[in-house]
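These protein sequences, in sequence, are chains A and B. Each residue of the first sequence is one higher than the one before, starting from 1209 at the first, in the numbering used here. Each residue of the second sequence is one higher than the one before, starting from 1209 at the first, in the numbering used here.
Simulated from the structure, these hints should not be mistaken for laboratory data. Since the model is a prediction, treat every value here as computed from it, not as a measurement. For every residue, glycine included, the Cβ atom is placed at its ideal position computed from N, Cα and C. Just to be clear, a hint being listed does not mean it is correct.
[Claimed, not checked] Non-contacting residues of chain B with respect to chain A, defined by C-beta distances greater than 12 Å in every case (computed):
1) K1231
2) G1292
3) E1459
4) V1502
5) H1512
[Claimed, not checked] In silico DSS-like cross-links for lysine-lysine, where the CA-CA straight-line distance does not exceed 27 Å:
6) A/K1509 with A/K1442
7) A/K1358 with A/K1501
8) B/K1358 with A/K1231
9) B/K1442 with B/K1267
10) B/K1358 with B/K1309
11) A/K1366 with A/K1267
12) A/K1366 with A/K1309
13) A/K1267 with A/K1358
14) A/K1358 with B/K1442
15) A/K1442 with B/K1231
16) A/K1231 with B/K1231
17) A/K1309 with A/K1358
Number of protein chains: 2
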Amino acid sequence: MDDLSLAELGERESLRRTVARLKPGEHAIVGSGDDAAVVSATDNFLVSTDTLVENHDFKLEWSTGFDLGFKSVASNLADIAAMGATPTVLVVAMVVPKTTKISWLEAFADGLQAACDQLSPGSAVVGGDLASGEQVVISVTVHGKLDGQKPVLRSGAKVGDVVAVCGPLGKAACGLTLLQSGQQDLIRSYDDWVAAQLRPEPPISQGVAANLAGATAMLDVSDGLIKDLGRISKASNVNIEIDRSLLSGYEAMLDLPAQSLGLQTLGWVLQGGEDHSLLATFPPSATLPRSFKVIGKVVAKSEHDVLLDGQPVEDTGWDSIAGN
Amino acid sequence: MDDLSLAELGERESLRRTVARLKPGEHAIVGSGDDAAVVSATDNFLVSTDTLVENHDFKLEWSTGFDLGFKSVASNLADIAAMGATPTVLVVAMVVPKTTKISWLEAFADGLQAACDQLSPGSAVVGGDLASGEQVVISVTVHGKLDGQKPVLRSGAKVGDVVAVCGPLGKAACGLTLLQSGQQDLIRSYDDWVAAQLRPEPPISQGVAANLAGATAMLDVSDGLIKDLGRISKASNVNIEIDRSLLSGYEAMLDLPAQSLGLQTLGWVLQGGEDHSLLATFPPSATLPRSFKVIGKVVAKSEHDVLLDGQPVEDTGWDSIAGN
Chain A
1209 MDDLSLAELG ERESLRRTVA RLKPGEHAIV GSGDDAAVVS ATDNFLVSTD TLVENHDFKL
1269 EWSTGFDLGF KSVASNLADI AAMGATPTVL VVAMVVPKTT KISWLEAFAD GLQAACDQLS
1329 PGSAVVGGDL ASGEQVVISV TVHGKLDGQK PVLRSGAKVG DVVAVCGPLG KAACGLTLLQ
1389 SGQQDLIRSY DDWVAAQLRP EPPISQGVAA NLAGATAMLD VSDGLIKDLG RISKASNVNI
1449 EIDRSLLSGY EAMLDLPAQS LGLQTLGWVL QGGEDHSLLA TFPPSATLPR SFKVIGKVVA
1509 KSEHDVLLDG QPVEDTGWDS IAGN
Chain B
1209 MDDLSLAELG ERESLRRTVA RLKPGEHAIV GSGDDAAVVS ATDNFLVSTD TLVENHDFKL
1269 EWSTGFDLGF KSVASNLADI AAMGATPTVL VVAMVVPKTT KISWLEAFAD GLQAACDQLS
1329 PGSAVVGGDL ASGEQVVISV TVHGKLDGQK PVLRSGAKVG DVVAVCGPLG KAACGLTLLQ
1389 SGQQDLIRSY DDWVAAQLRP EPPISQGVAA NLAGATAMLD VSDGLIKDLG RISKASNVNI
1449 EIDRSLLSGY EAMLDLPAQS LGLQTLGWVL QGGEDHSLLA TFPPSATLPR SFKVIGKVVA
1509 KSEHDVLLDG QPVEDTGWDS IAGN
């Protein structure tokens, strides 16, 4: 069968074929096809939105449609996990050139579904919008439920709390550096690191686990460890001290590709975004979920938001407007 | 004070200035600033998303930032009204060139707030995302509540129901034709029609009124009367007969600009989108809200979805991929 473009198929048929690849999930009472979806809820809900823009957040020569569907869901699910909550439903607004092939959009839908199934079973895409434009833009809005728990904000860190991470640090950034190197042999050899950039797998279920364990503040590391630690320290009016020796496991995970590229590992660990790992603070008495590893502690407010082995660290993480 | 660009201000300060212009509304428990907003709810919620793309859905030489903020909220609120529900909270994902001036983004925020205040008091923008790209893209996701009512779907129209409209038909399309004409004297003379295109004011509260009056099917007229009637007829497996004499009031409203442009009014009424008026079916016994005007009736399924005075009408409404 011919792989037609969206312009050749028209909006209605393009949407029909795409939506047909999505499963309704556990939470939709009325799904796609009306002016709005109806979502089951008995209590307050959470909502967050995040956008990926072609040539700013991804390149079509590096990411397949499947990759982009997977990543856009994964990064959004992490925002709900970071509130200590469980993702429920997502809606996806897509802008694509009208020359886009339907096979690309179908693969994108498969990526959306795969991320829901793999990272947060029961969650689902229940609605969306398809429009044409000059560059691909993917806006995902995700919802979550608290099941009677309080949300974990950025502003609750207390002096004396431990700082802990669940998931890799710098792995997605290492994958990006590999892609940017253009060295196909390295990209093939280190496909696991490249996959961390293209299809991140944040530990979604551990957000609720952290909440139940008493996490006082949490977010997902989307723009780099130092930048995101700075957000907690500003919102909570505290400082955070990181112990480099506690980062050694994260650095070790990046050692092989770093050696091949002739680069250091620490920059990726401190400044690399897009892992969407969970970064949380816990009271010193808390029993942390086993997936969380301590990397530092919360101290009283002074001049610098974040210190590494007692020294201030410059925040050079991602700025979504400047694009660097 | 200098009108700096977003690139000069950076993401954080650009967001801070924009968010500062938005009021929290009645439904946000946790607003902007965390990974997700927390929204009060006691029951199922509705969600819908809609995107506006520069040079496809709007032109920056015709629309101010305020206009676009207003229109993007208005069109989304109409999707909740069309389900017979009350809008609660919105999240807004924006893509803008990094050369965009902060004054433009501030005016956009003022337009968002003005539309919430004017069209659905109590509703509010509670979160968003700001990213840079080559063209302006505005993705709004809107939520609503049913307050114990059932949602009004597209699929409930029954043979014998009356078909009725609340709000103008063709006025926004007439405004678009005026803008496209480039005739500045006409654009100034018919500023009310132009405003209907740039800042539509759909009758949001009448969605709940229609629901309480027993509406069996409803949607908002976003892509043209015939196209949107076709959606109800397909979803409900019925046909719809429109009586042209009942459209005369809508045509009369467009008579002056039509004469000035040397055009007929019927095309705008039948095919013009973007009024976001409410289009509903009601049982013949229902007492319609006074704002709804009957334009036709629901009849048994036969060959053509929509008939005007007994003749099939071609659907030439808006296709968001083809862009025509």
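Here's how the hints hold up against the structure:
The Cβ of B/K1231 sits about 17 Å from the closest Cβ of chain A, beyond the 12 Å cut-off, so the non-interface label holds. At roughly 10 Å from the closest C-beta of chain A, the C-beta of B/G1292 falls inside 12 Å, breaking its exclusion from the interface. With a closest Cβ-Cβ approach of about 26 Å to chain A, B/E1459 is found to remain outside the 12 Å limit, as its non-interface label requires. Against chain A, the non-interface label of B/V1502 holds: every CB pair exceeds 12 Å, the least being about 21 Å.
Listed as a non-interface residue, B/H1512 keeps its Cβ farther than 12 Å from every Cβ of chain A; the least gap is roughly 17 Å. For the suggested pair A/K1509 and A/K1442, the alpha carbons sit about 9 Å apart, so the restraint of at most 27 Å is met. About 23 Å separates the Cα atoms of A/K1358 and A/K1501, which keeps this hinted pair within 27 Å; it holds. Of the pairs offered as hints, the one joining B/K1358 and A/K1231 holds, with about 23 Å between alpha carbons and a cut-off of 27 Å not exceeded.
Only pairs whose Cα atoms come within 27 Å are accepted, and B/K1442 paired with B/K1267 is rejected, the gap being roughly 33 Å. For the proposed pair B/K1358 and B/K1309, the alpha carbon gap of about 44 Å is over 27 Å, so the pair is violated. Simply put, A/K1366 and A/K1267 have alpha-carbon atoms about 40 Å apart, too far for the 27 Å limit, and the pair is violated. Distance hint between A/K1366 and A/K1309 is unfulfilled; the C-alpha atoms sit about 52 Å from each other, more than 27 Å.
The hinted pair formed by A/K1267 and A/K1358 fails the criterion: a straight-line CA distance of about 38 Å is larger than 27 Å. Straight-line distance between C-alpha atoms of A/K1358 and B/K1442 comes to about 44 Å, which puts the hinted pair past the 27 Å bound. A threshold of 27 Å between alpha carbons decides the hint, and for A/K1442 with B/K1231 the separation of about 22 Å falls inside it, so the pair holds. A hinted pair counts as satisfied when its Cα atoms are at most 27 Å apart, and A/K1231 with B/K1231 does not qualify at roughly 36 Å.
Simply put, A/K1309 and A/K1358 have alpha-carbon atoms about 44 Å apart, too far for the 27 Å limit, and the pair is violated.
Consistency with the previously given hints fails for numbers 2, 9, 10, 11, 12, 13, 14, 16, 17, ordered from lowest to highest.
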